[in-house]
Every structure is written in C-alpha cells, then in structure tokens.
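The listed protein sequences correspond, in order, to chains S, B, C and E. If you read the first sequence in the working numbering, its first letter stands for residue 202, the second for the next number, and so on. If you read the second sequence in the working numbering, its first letter stands for residue 202, the second for the next number, and so on. If you read the third sequence in the working numbering, its first letter stands for residue -4, the second for the next number, and so on. If you read the fourth sequence in the working numbering, its first letter stands for residue -4, the second for the next number, and so on.
Incorrect hints may have been included.
[To be verified] A few chain B residues facing chain E, derived, Cβ under 10 Å:
hint: 1; residue: F242
hint: 2; residue: P443
hint: 3; residue: G446
hint: 4; residue: L752
Keep in mind the hints are simulated off the structure, nothing from the lab. Bear in mind that the values here come from a model prediction, so they are computed numbers and not experimental data. Ideal Cβ placement from N, Cα and C applies to all residues, glycine included.
The lines below spell out each chain.
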Amino acid sequence: MSDFVVKVGGEGGTDSPTTAGEFMAQAAIREGNAIFTMRSFPAEIRGGLATYSTRLCDHDVLSQGDRPDVLFCMNQEAYDKLVGELAPGGVLVFDTDSVTLDAGAHADLTLYGVPMQSLAQGHVGEKRTKNMVLLGVFSALFGMPLDTLKQCVRDKYGKRGEELVAVNHRALEVGSEFVAESLTKTDPFAFEPHPEAARRQMIIDGSQAIGMGALAAKVEFFAGYPITPATDVMQFLAEHLPQLGGQVIQVEDEIASLGACLGASYTGAKSMTATSGPGLSLMVELLGLATMVELPVVIVDVQRGGPSTGLPTKTENGDLNLAALGAHGDAPRVVVAPANVQDCFYDTVGAFNLSEAYQTPVILLSDQSMAMRAQAMAVPDMDAVELRERRIVDGEPGPGYRRYELTSDGVSAVALPGTGTRAYHMITGLNHDELGYPSTNDGPLSMAMMNKRQRKLDAVRGEPGWSRLHGPDEARIGVISWGTCEGAVAEAVDRLNAEHPEAARALHLRLVWPLPVEEIMAFAATVKRVVVVELNFSGQLNQLIRAETLLPTELVRKFDGTVFTPGEIADQLRDLMPEPVVPPAVPSSTLRRRPTLASTLAK
Amino acid sequence: MSDFVVKVGGEGGTDSPTTAGEFMAQAAIREGNAIFTMRSFPAEIRGGLATYSTRLCDHDVLSQGDRPDVLFCMNQEAYDKLVGELAPGGVLVFDTDSVTLDAGAHADLTLYGVPMQSLAQGHVGEKRTKNMVLLGVFSALFGMPLDTLKQCVRDKYGKRGEELVAVNHRALEVGSEFVAESLTKTDPFAFEPHPEAARRQMIIDGSQAIGMGALAAKVEFFAGYPITPATDVMQFLAEHLPQLGGQVIQVEDEIASLGACLGASYTGAKSMTATSGPGLSLMVELLGLATMVELPVVIVDVQRGGPSTGLPTKTENGDLNLAALGAHGDAPRVVVAPANVQDCFYDTVGAFNLSEAYQTPVILLSDQSMAMRAQAMAVPDMDAVELRERRIVDGEPGPGYRRYELTSDGVSAVALPGTGTRAYHMITGLNHDELGYPSTNDGPLSMAMMNKRQRKLDAVRGEPGWSRLHGPDEARIGVISWGTCEGAVAEAVDRLNAEHPEAARALHLRLVWPLPVEEIMAFAATVKRVVVVELNFSGQLNQLIRAETLLPTELVRKFDGTVFTPGEIADQLRDLMPEPVVPPAVPSSTLRRRPTLASTLAK
Amino acid sequence: MAPINETPDAAVPALTAAPTATVARPQPGTRRRPVRPAALPEVLPLVTPEPQPTVEPSYTAKDYRSDKEPIWCPGCGDFGVLAAVTEVFAQRHMDPDNTVLVSGIGCSSRFPTFLKGFGFHSVHGRALPVATGVAMANPRLDVVVVGGDGDGLSIGGGHFTHACRRNPNMTYLMLDNEIYGLTKGQVSPTTTDLSLAKKALTTPFGTWEWPLDPVSLALAYQATFVARAYSARKQEMVDIIDRAIAHDGFSFVQVISPCASFYNSFRAKAPQVKALDESHDTRDRAAATALAGDHAAVWLGVFYQDTQPTLRERFHDLGELAQKGREHVLGEVFAKYM
Amino acid sequence: MAPINETPDAAVPALTAAPTATVARPQPGTRRRPVRPAALPEVLPLVTPEPQPTVEPSYTAKDYRSDKEPIWCPGCGDFGVLAAVTEVFAQRHMDPDNTVLVSGIGCSSRFPTFLKGFGFHSVHGRALPVATGVAMANPRLDVVVVGGDGDGLSIGGGHFTHACRRNPNMTYLMLDNEIYGLTKGQVSPTTTDLSLAKKALTTPFGTWEWPLDPVSLALAYQATFVARAYSARKQEMVDIIDRAIAHDGFSFVQVISPCASFYNSFRAKAPQVKALDESHDTRDRAAATALAGDHAAVWLGVFYQDTQPTLRERFHDLGELAQKGREHVLGEVFAKYM
Ligand SMILES: Cc1ncc(C[n+]2csc(CCOP(=O)(O)OP(=O)(O)O)c2C)c(N)n1
Ligand SMILES: Cc1ncc(C[n+]2csc(CCOP(=O)(O)OP(=O)(O)O)c2C)c(N)n1
Ligand code: SF4
Ligand code: SF4
Ligand SMILES: [Mg+2]
Ligand SMILES: [Mg+2]
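Make the full structure from the sequences, and use the hints.
Laid out in structure tokens, this is it:
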C-alpha cells in the first residue's frame, strides 16, 4: 500500500509549480491511483509563492492528508516558507541553483539537491522547462512511469505542435537521467502503479463540478458577477452553456445577478448564480423576495475567509448563518453543502431538484478549498440522474386561478407567462392572497401564507440521501460535520477506531438547512458524546443543532483560513473522548434509521 | 381606579380619527392619567380606515390593554371592521348619519347614537369638525373635563388664529351639549381626573424618542433613505439636528446610508442611520465591514412585518436573526432592543455608548408598534445621562502606531485623520495586522484578530442595566421576552400572580446580542419552566437562547402583524403552567444576581 | 415587441412612428464595435416556441384592466398613464397572456396590479434586472417595466445605466413625479423646485442637489429609444408609448406624472411642456441631448431612436458562435475534462 | 482642497489651472435652482477646528509613499498614476495628516496602501458613499478617492451619479483599464475592444454591450470638474490631477491606466490619445460633451470646470437656515414636544 503527499512550491509566474503538480496528479490517475490535491496562490496579482500538493494513494483517499512527505522547492521562498511543514522523516528535493539550505538543519530529512535551473537551461535549452525537469526527477525518484508523464504531456500540448511536446519530453528525460546518474535513493516513499485499475475519469475541481452539475440539471439561465473564488463557476458555464442552448450573462453587480435569475425563473427557466460571501451579503433582500414569491433559484456561494473582504484566497465554512437565517422576517429557504468535488456535481443537481420541486431558493455552499482542489471523478451516468420539475399549470385553469393555493404540502401549481394559460395574476413581495394580490391587512391570511412556506421546508427536512455515516454503528464519540471537513473527519475516525474499537463514528450533513433533526437525534442515540466539527469561528452548525435538539454538543473548530488535517481532528477528538463505561442511554435499535449514502463516499 | 380603552375609527383622509385620539391622550395626561396609544393606517396612500386607540388609566400603564371598551365609529367601514373587537359589555358610539347597525345584534353592548355629521355641518357649520364633535361627546359621556380639551385645542391651533380655535371649541360644545340633552349614560366607564398628579411630560412616539436619544448622545451625522416605518427618525433629526450643529443627508439608498456613516465615523463623528428590514438586508455587506474595521456606528431598524416587502404598515420583531447573525463569516456585533418609548430614548443613548466604547456597530431594533405609539415621558435629566466616548490617540504616537493593537480588552486607541497625530495608517475589510495593513496569509494573526473582535463582545455581555425583572423572586413559570412585548407580558404575569401566588415572573432583555447568558441562567434557576414570548414566526430569540443555554424553553409567539394583548399571553401561559410541586432544582440564592432595572419600568 | 396577432418576424408598421432608420453610430479605431445587420434571427436561443395565442380583436382599453381598483390618491398623475397604457395595449392587440409587467416599489410600481396580464412586483429599485431576466429567458414575451423616479434613479440608478447599454427588448416607463410618493413625500433625484423640496419630509430646510434629467441620462447610457411624455396630455402619451412598445430594443419613456398629494406640479408643468418640433431628427443623438438639457422648455416626444442589435439577438449570435464546431451534448463536455 | 500651509480661506492660485470662471448654469422657470455666491463660509458646521499642522516643505514625491511596495504586476499602468499622485502631493505641499484616501476593491483600489496618510480601503463599489461621509463630517480634510472602472461604473455606478450631483469637495480618480484586473480579467463597463473581450474569462464568445464613457457620464451627472488623463503621459497627468485637487467641489478624473496582464491596451491607446486643444472652453458643457463622445480621438485634459456651491457650503447654509430663530439646545427640543 502506498500513500504519500508530494508538495511543489515555486514562483507562481515563472516556475509554474501548479503545472508540475497537475501532471503528477493526472499521471497518478492513469496509473490507477487515487489523488487529492490542494493549491495555494500568492496575494500578489502575479508572481509570489504558489504551491500545489497532491496526495498519491493506491487505495481510496478521503482528504489531503496531514503534512507533506515529499517537498519540491523550486526557489528560496518556497524553501523558507514550506520546509517547516514537512513531516518528520520526509524528503526535501531542492533546486541547488536557487536554494541555500540552513546550515546544519534537517538531520531528520532526506535531502536531494538537483540543479533544476541549469538542467533546464543547459541541457534542455529552455529555462521554463524547470518544472518538467522536476517531474522527471520525481518520476525517477519515486517510481512514476516516465512514459505516462510523457503521454500526459502529449495529450495536453499535442495540438500545439510536435516541437513543444519534444522539448518537454526532453526535460522529463533530463530530470530522470540526472537522478539515475547522480542520486542514490535513500527514502522509503514509492509510488505504486496499478495501470490495470485505471478507469477513465475526469479530473475536475469543485467549481467545474458545480458547472457540470448545473448542465446536468438542465440549467437554462445564469447571471453572475465576478468574485474570487466563485468566478470559475461562471467561467465554466460561459464556455459550455451557450453550446447547450442556455444563456450566461455577466451583470453589473450581485443584486442584478439574483434579480435577473428571478426574472428568468419567473418565465420557467432553471436559473442559477454563483458568488462568494460579499456577494451573498448583497443578495439578502432579493433572497427574501425569492422565498416570498416562491420562485426556484439556485445560488452557489463559494465561501472564502471572512468576515468582510477577509481572506479572499483562503477557505472557511462561515456563511451558514447568513445562508440559513440572513433575512428580515422569517424567510425559510434551503441550504445544501457538498463535501467534495463529486458532491459538487450531484448536489448541484440535487439543489435544482429541491428548488424546482419546492419552489424555493436553494443556496449551495461550496468553499475555496473545494474550488481549488482537483479530484478524479467517474463520468456520471446521466440515465441514473433523476431530475425534478416545477409543478406547472397546463391548459387554461379559468379565472379563479390561485397561484398561492394553500395546499397541504405547501406547493402550488405555477402558471407561466406566455404559455397560453390565460391565468393572469401577479406576484409580489408584499403579503398576498392565494391569487397573488397584495393583502396587508389580513392577519390570519398572512399567518396561513407563512405556514405554507414553512410547510414546504418541513418536507425538505425529510428528503433522503443528503447525509453520510462513517464508522461503526455505535461508538463512544459521534462526530457531526458539514462542508469540506468530511474527508479529514472520516480519516480521523478511522484512526481512532484503529486505536480503540468503537471509539468514534461520524455523521456528515449535506442538507444543512432545514436541519434534519430526526436523523441527528437517531445518530446521537448511538454515541456517548456528540462533537461538531466545522471550519468557522463560532460553530455555526453547532449552534443550529443545539437550538433545535438541545444536545450538549462539543465544538471542534478551525478558523485560520486552511482546512483541517485528519491528525488535527484526531488529536482534538482524543481529548474529548468520554470514558468507555456506560452504554448509550437509548438502545440505538429502537430509533428509526434513515437510509444513508455512507457507502458512496469517495467511491 | 379607572382603566379603559377607547378606540376611534373613521376615514383617514376626511374624518381624521387620529386627531381626535391625540387630543384625548393629551388631555388625559394633563389630567394626571397615564396613556398607552396605538395607531393603524390604511394600505391606501390616502383615505381608507384609520384608527387610534388610547388606554386611559389613572395608575401606571404597561400595555395597550386587551380589547377596546369604548368604540367610536365615524363611518360604516369603521363599524363593520371594528365592532367585533369590542370587549363584552363595551360601549359603541356611532355616527347615526353614516352608520347602519346590524339589526338585532349588540344586545351585550351599550349603544349611543350621535348624528355627528349633521351636528358638525348643521350646528358648527363645518363638516370637518366631526372629530371635535366626537370629542365633545366623549367628554360629556365619560367625564373628561371639557376645559382641558379646549386648552389642548388652543395650544395646538392658537398660533393659526382665533377663528380656528373658536370653531373647534364650538364643535366640542355641540358634542357635549348633545349628550346632555339627548343621551342617558348607562355604561360603567368613567374617566377619573387627577390634575394634582399631572406632571409636565412630553408626548412622543418611539421614533421621536430615538431621535431625541441620538441628540442626547450628541450624534453628529445622520445619513438615511426613506422607508416606512423608519422615515420618522430621519424626519425628526432633519428638523432638529442641523440646529444643534450636526448634519442630516438623504442619500441614494441604504448602502450609501451606511457607507456615509462609516466615512463620517472614520473622522470621529458619532454617526447613525435608520431603516426598516429591507434596508437592513441591503446593509449586510457594510455591516461586516464595520465590524472588521472596528468603526462605531448606530443602525436603527424599525422592524415591520416580513419577510420581503411583507406587511409594511404592521409590526413584527422578526429581524433579530439578521441583526445578530446576518454576515458572511463571523462578524460579532451588538443588538439592543427598547421595549417602549422611554427606552427608545435611553437605549439610543446606550447604543451610542456601547458603539463608541467598544468600536463596534450597534443595531437598535425598534418596531412599527413603537414608532406609531405615543407615550408620555418625563423630560430626561441630562445631567444623569452618562456619555461614553471613543478611545482616541492624543499627540503623536510615533511611527509604530498600531490601530489594531491586540489589547487585553480588545479595544485599541484610534488616531483620527486631521487631528495632528501623524499616525498614518489604513483600515481595510481585508484581514489585517495590528498596524492596519492587509495580511491575508498569516493564519495565527487572523485568528488573533478574530479573537480580539469577539473579546469586545464578551465584555458587552456583562454591561449592566440592559434587562428588567418583573414579578416575584421565584415562580412556577419564567417568561423571557424582548422587543415590544414587555408591557403585555408584565400585565399577564400580574394577572397570573393574582390567580395563584408565585405563578409567574418575567425577564425582559434589551441587550439581545451578545446574549447575557449568565443572567438568563440565574433567572432560569428561579423558575420551573422557561417560556420565551416574542413577536415572530420562528422564535428567533428562543433559538438563540436554546443554542447558548440548552434550556428546554417553550415558545409563545405571534406573527399576524399585531402586538400581543396581555390576555393572549396570560391564556397561553396558563396552558404551559407546570404543576406546583417540586421546588426549583438549584436554590436561587446560590446564583449570582445582577442589578436590574425592574423598578424603572413605566415609571 | 410585435403585436401577437402577427408572426413575430413580420414587419409591423408602428402606428404613429416617425421613419426609423438604421443608424450606424460612428465607429473609428477600436473604440466602437461594428454595427450588426438589423435582421432578426429565425431561431431563438432558449425557449421552445409555444403556439402564439391570439387575443380577441374586440378587446378595448378597459378589457386590459384587472378587477383591482387603483389605490392611488384622487388626482394622481398615474391614473392618466394607466389609461394610456391600456389604450396602447388595445390598439396594438397585445395578448395579456404574453405580457409581463415588472415593477419595483412605489406608488407607480403598483401598476401591474391594475392590469390584466402577468405581473412581477419586485423590490425597490430592482425592476430592471428582474425584467432583463424575463426578457432574456423568454424573448417572445412583451415586457413592460413601470416605476418611479426614486425607484429608477436613486436606489435603482445603477441598473438603469446597464439596462440601456444592453438593449434588451422591453419598454421602461418611468413615472416621474419628482418625489417619493409611497413614503409620503421626500425629495427624489429629479426634484427641481427648491420651495417644494422644503415641504418634503426629510429636507425641511430645502435641498440644493442638482436634479437629474432622466432623458439626458438615457441618452448618455446609449439607449436606443428615448422619449418624454406628460400624463395630462393623453393622446400624445398614447402615441409615444405606442412607439416605445413598437421599438425593437430597449425603449425608455420618462412620463411626467405629478403626485397630487405631496408635490403637485401639474400647475407648474403645464406652461413648460411643449411637443418637440416635427423637424427634430430622432436619429441625431447630439441634437436630442441638447434638447433634453434645454432649459427653455420641457420638450415632449421621441428624442432619439435607432436600430441596434438587441440583447436577444446578441445572445442568439453568441449561441451560434458557441455552437460552431463545439460540443453540443453533455457527454462531450465531460469528455473534455478526461 | 486648499494646501495645508495656507489658511483655508486664502485664495490658492492653482499651479497649472486655466482660468476658472464662476459659470451660472441656465436657470429658466422653476426647473433649475438659483446659483449661490461662491464665497466660502467662515464657520464650518460640524467639526471643531483643529490646529492645522504644516508639513515639511522639503517633502518630495517619494516622501508621500508608505513603506509598502505595490503588489501590482510589472508594467501595470497604476504605477504611473501612483508616481503622478505623489508628485502632485509634493508640489501642493499636502499634509499627510490631513489627507484621506478612500477606495473600494480592485487592483487600483489598493492605492491607499502605498501612500502616506490616512486610508480607508472599503468594499467593492462603495468608496464614494464612504468618502462623502468623510468629507461631510470633517470638511477640512483633503479627500481623494481612487478606484477602478468596475468598482466605479459597474457595482458602484449608482453612487457615481449622486456623488457628482452633490458636489462634495473631493477628487475622484477612476483608474480605467477597461477590465476587471483583481479578479483576473473579465469585461468591465468600459471594455471597448471586442476581440480583447473574447479573451476575458466570462465572455469567451465576446460581448456586444455598448461601452460607457466615464467622462460623458460625469458631464451628464453635472459634475463640476471633469477630466481625462493617461497613465503613460506623466507630466500631463500631474497637471490634470493637480487642477483636480485644486478644484473646489467634486473633481472627476478618468485616468486611462492599462492592465499589463489581462487587457494590455497601451499599444492601442498610444495613437488615439491627444491633448485637448488650448482653445477648448472648459466652461462649455455642451462642447465638453461633444468632445467626450468624439470618436476621432481619445481627448486628454480638462473637459469642464465650473464653480458651484459644494456640499460643505450647502450644509453650512442649511445649518444657518436651521439655526435662525429656532432651538439651539436640547432642552428646547424637548419643550417642543410637551
Ligand atoms: C430597500 C427599500 N428601501 C426603501 C423602501 C421604501 N420605499 C418604498 S417606495 C420608495 C420611493 C418611492 O418613490 P418613487 O420610486 O419615486 O415612486 P412613487 O411612489 O413616487 O411613484 C421608497 C423609498 C423600500 N420599499 N425598500
Ligand atoms: C461585492 C463584491 N463583489 C465582487 C467582488 C470581486 N471583485 C473584486 S475587485 C473586482 C473588480 C475589479 O475591477 P476594477 O474595479 O475595474 O479594478 P481593477 O482591478 O481593474 O483595478 C471584483 C469584481 C468583491 N470584492 N465584492
Ligand atoms: S402619493 Fe402621490 S404618487 Fe402616490 S398615489 Fe398619491 S398622488 Fe399618486
Ligand atoms: S492585473 Fe492588471 S490592473 Fe491588476 S495589477 Fe496586474 S496589470 Fe495592474
Ligand atoms: Mg416618485
Ligand atoms: Mg479595472
């Protein structure tokens, strides 16, 4: 079994460490391994330190891992800033042309010096191939087949001419040959190719997956305004949606984005926008309108570090309060949160389904880490993807048409303009009667309408398939998480269970609002202590859970702009582990269990 | 002891029932009574049914009471819509010229028919004096001294000429004489004048009180955008602030309002804006900025019925979620909520004090009912009003000046531009270092800054004087409330205690965020069951309390756009009353008690 | 917007329109984009064509009214606009099933309530973005936006700019009463009279802010149809609104519509308003701009009109461009990322 | 804004300014307000006058730089603007203690970071409202707003309008690169070149939206000082910015400042830019408007300048009006409600 993390660091503009990392990841996939990548950018617009880290694993991988085992430093800044991250016993590969090591340090590391710069310049004749030389070194040192890397290069650059391919191939060879001639491998890390296990997979990041999910859900209209790290979603759709007959427009601000989506949705079009925290803040008034007029719309929020402009290139799961409760008055809406790139695809489809079926805005909370992270994903089987549609009036319902009929499930059929229904009516953000007309002096009616809107949400609470369990059926500690933490939580739980049987289990929620209270209670009944793990300051999900369940939860949080490692979570859970004495108060078997998707995780 | 509610209803534009009600209230004050008024407006811009109700009470009054005891109907619509509200055994006075009674109904009521229209037209010669004729009738039927009413009329219209006064006096007499000649009093309601107890008091509504509070706090800058029911605050300040040397500007939208306030605050000016729910929704992004750059600013939100455009002329306490938690990322801020007109004054001063002392945005939640309600209030003793100021850099601190110095209380001294400090620095919504400069790659620093901001809020939690207790020291049921409900809760508690000793007590919070957890726990320890009473759909305070305390609270709520009556609360509390068996689990004496303002209520 | 009893591509003679030429705006250097031919595309990008219902030709103006009575004050200028709009709808045989009225918040924004058709009464200042979404997603709809001067120039002023330059196919009627009516009288960006401003609620000592002229702004924003009408001159208003609806692209009409309750300017306006001279060339943006800023009179009529590609055509083009030689099914998108 | 080493009321000869006349805009009927005399009030309404510190006369341009190195890409046009601004500050002997730089979000909005003085880096599009608050609350401060074309015309477009018509005393430099730089290249409201637009991230098939011209807009919004400069022509830029800061009221300068990374238009602009003719009358708004819309060249220089009451004077007046014969102490306010 092989499982190690390789990180490459260098100057963003010139060294292109990201390209090296991407090829590494792609080759690993083709060799039947699993990957989990992370990127980081400098604060400068151009230049500065960029990093790319890839976990290479010949079995399924749940998280980015703990610390890098192998670090490639392409310049001094990378060495200075990153060498401290290396795991004990790790490997440092550095460019002897540009890195000066601290004298006497690193006794516990394996060091390989490579004159990357001179090899690229002198032997390949092209300074910019330094990252390819690095890849050649990687190939020879850790056993990544060079031909696979070469094929990746050909697939990417082939259409730009044989010369470009040749020079990059040459650089790969130069790197690889340097290792053969000048280095002796002394470290234990080895990549294990399993080409027989390789499946044809896409390598995509979270934003591309969201875009694909929207296409799969048959999105028809997208309006947006650029903002880091959400622009990629618009960029993806701008490239692909027009070809499938839909429209993408960049408008003047986020208020206009959501406004245009509501207008489009009013005509029956599936509509979506994507933004980050500051944009979501600006949308609050129109979000309330969406709930009030009961228009479907999907709002993607790729969360970044807050509050305010905060940490635009860092990650956080800190927009839950705003997404769930940010409204004047009570404006029930749905919030879902994928946990990985694959979820980004399927949960976007799910978001459209909930939105259209319940005629409600749905906010999908992704985050910077998911947006920046490439993962491998099997091509979706579109026949297995169910799409749900809006309840539409067909034919002419006659003059008494009630747009907001007080039905038992809260959902009323919609007459769309221009479809020959002659069901003339208006929609308004004012309190209204069943016909849709303003009514601001009828208390019982306003209450009935408020209850109608909430009724829809209560039904959403029972929608299946929006959570995953991990670990044994009963355990001393039960972890509840949301957002990008799932993989690290799952690995931490595995580690604890390896230490003590039945130490921990986990429930990961992807439908975060309305809260699936029954499911949480059932889970809580199987554990001695409930711990909520999340990536924000105040424990936003934790507070919602406590308010709705009164469970005496513990909170494990992080808010420095980076994701959790499995080790960090495991450490904190160990501290919170209750004594293994009393069995759970309520026998778990007496509580109703809902079907979960535990088994689908990272398959 | 006299205590009854008089309601006047008529056509807003022509009958002017509001003017009649206002004179009634003013005269009652001059006769040493207490009042509690309520107004309602039609949805139409002009015309439609308007009502004014006044509770007249020769002892202190806490709420608007339950149902009207006496109803004056000036037109058919008033009769049709309002007669059902009358308390059993009530009195109906109607204009025989315009109202046709339902045949055979009202056996339980006392009926007085008065040809108001013809008396005004025929005997006074001016149709528009119908409301004065009504006041004359009121005077004679219920014992309000006619001279006092006459004096009120003179004080209001005197400067517009003797003729106007005379015609109105004539109308008062005509009404009064009609009663003497044509009616026999058969009902039990009687106003009891106590001119000896009369104090010189202001009669003001909540918005005027907020404006006065701002003046008292020495506000220097106000920027706003009109919105019902908050415009009155801007209107009051536009009239008075320039005379005291400050500035009021109507800007292009609510985003600009808060933006301009932050700019003004940056120069050291005490700044304020006022809006209602939709405007607060638009301010969310800049609210986050205010927290991040640590600028003091007071945002008044006069809440109306939501969500979305909702019920603009109705009331609700439904913006608490947004005020406390509406932000991307965690942006701690302060939320206070006055309970009555007097609070509107003192809590506005308090809001400025907290804002300046802690360099934080403070949201003050008033509501439509408080804005529309006139109450009597003693002229504030300005010597007793303490003002707190921003911690300012004096002199030249030198080049290393740290705007965001990580102090133990979280508060850092500010260097203001143009004051000769030469402490050049910048402020930004990005994460920043102690000097104020952007820092987006230093996790520990971002965490330290987040903790700094929270530290300030934790200190606010302990600020004294922001709550009131009502009822005995221990009780079976403990009611926690916020916003406009206090009076009705207090009366309900009194009624329950009259039925069973130690049945109920109440804790009313005016600092609603950060939540005073210790105080709530201490209160909870003195009761068997905690009930939260509030005026919104989801129980927003209730959820916050449950999340922070895990108390198994019950919720009593209302969300039809109107305020609670004491009777409604008492009924619901009776249903929730626990059996009077076990004493409270924790002896209350072991818990620390904080000084409260219980005794100041309605003084 | 084509009347629904004709096929959408047939040429529709506008009832009262002056000859509208396809005017190429000057295009030197790289500063301006080439003008596209004005022909309408046969295929619309997004919505599956629905059978176009036809309306009874017998529909009169009042048949276009809903059964709701306007809640405006007696004497409000908006009544006149409502009458004119229904008359235009009747004479153009508009199909209510195909008509969408979009508004923000304000007295004038209550407009959709009183008309037969589909109405979206959104929030303050956001009518134009909402209407842009409507018009893009279903280009066959007749979209009319109605709102106030505050709604459109104060809180919504940022959207007005971009609606004009995008040229979506819709008509925007700005009912300008120079005041905030619904909130009971505060100055608006168009308030011109200092003495009246002093009576406004939040400016008891007056305001000195320079008033904006909506027509000048629409011209600066490159709108392709710009006009001004006056609520008290009905037939003229009918003609202007008719031409606005007939226009292919974004048509803007400032309708001076005084507020009877808080800023009654009927008396002040009457002597100032004058119909634009017949000789005014509506293809001359510079002349239009000069007339809009003219202080000698408040000119009424169509200031400017030209034919430019609409948002709908642009997106059609974009779709065609996109579809040339590229993936058309989802599977091909997936394949690109393998 | 007066240089701080003179008393605020002294007349300051602008270093390079053309003669600035007090131009009365036409005022017929009730449509326009009377022009007030241009004298500055002696008493300022709000802030207690602080002693005005003087700056070392030896301050050179680089002394106005903070110790932060700009994080802009090599070749970014904004470097030139930074150099020009510090030079203007030096030649005007501006006091950093009295200077407030306000910005929104964008590459250009990082400006305050690199200058010595007080800086408020607010949020995207909101620099002008924030700056208005600064300028109103302390009228003695020298307020300079710096931001991008997206910041000022897209998300912040609604505020630009009202800042111009209010005429607060501040200078607004819009660093126009016709692109969103910070978010790595999307079209902005000023993007003119269709082929470049196609390389922008969110418009892979191009955009047809009509570009806005910031100078034309400022003129339509009734700004009292409107100019255009070009980052690659330093001395001219220095002169223009100097005159802008010297202007009493709202001064707007569009600075063409190309983005080296995502829309490098230095090459395209070079042959187009031309200095305005000496003969251009800066008191003629109509001529300025025509030149701004001219397609023959991208004119550089001061298009328009006139003297109008500033927001500060207006509020001073308002305060005086308010204080005449009315309550001046809180007690009198209370008394009014008894
Ligand atoms: C976000 C928000 N801010 C403020 C308001 C209050 N408001 C409603 S209508 C209006 C202005 C009305 O003026 P205008 O748009 O000119 O329309 P009119 O009533 O004059 O027709 C305002 C400020 C609101 N509804 N929403
Ligand atoms: C509310 C909000 N929306 C979007 C963004 C993302 N954003 C930051 S800067 C910017 C535009 C930058 O363009 P411009 O204003 O022209 O400045 P430049 O970088 O070109 O100097 C955008 C869209 C944001 N920070 N906040
Ligand atoms: S307030 Fe003015 S604009 Fe509104 S309905 Fe009344 S008259 Fe018309
Ligand atoms: S991206 Fe463009 S505007 Fe931004 S710093 Fe780089 S060159 Fe300048
Ligand atoms: Mg108006
Ligand atoms: Mg730009």
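To see whether the hints hold, each was checked on the structure:
Interface hint status for F242 of chain B: violated, as the beta-carbon distance to the closest one in chain E is roughly 21 Å, over 10 Å. Look at P443 of chain B: its Cβ gets to within about 4 Å of chain E, closer than 10 Å, so that hint holds up. With 10 Å as the threshold, the beta carbon of G446 of chain B comes within range of chain E, its nearest partner Cβ sitting at about 6 Å, so the hint holds. Annotation: interface hint on L752 of chain B violated; nearest CB of chain E at approximately 38 Å, more than 10 Å.
Of the numbered hints given earlier, the model fails hints 1, 4; all others are met.
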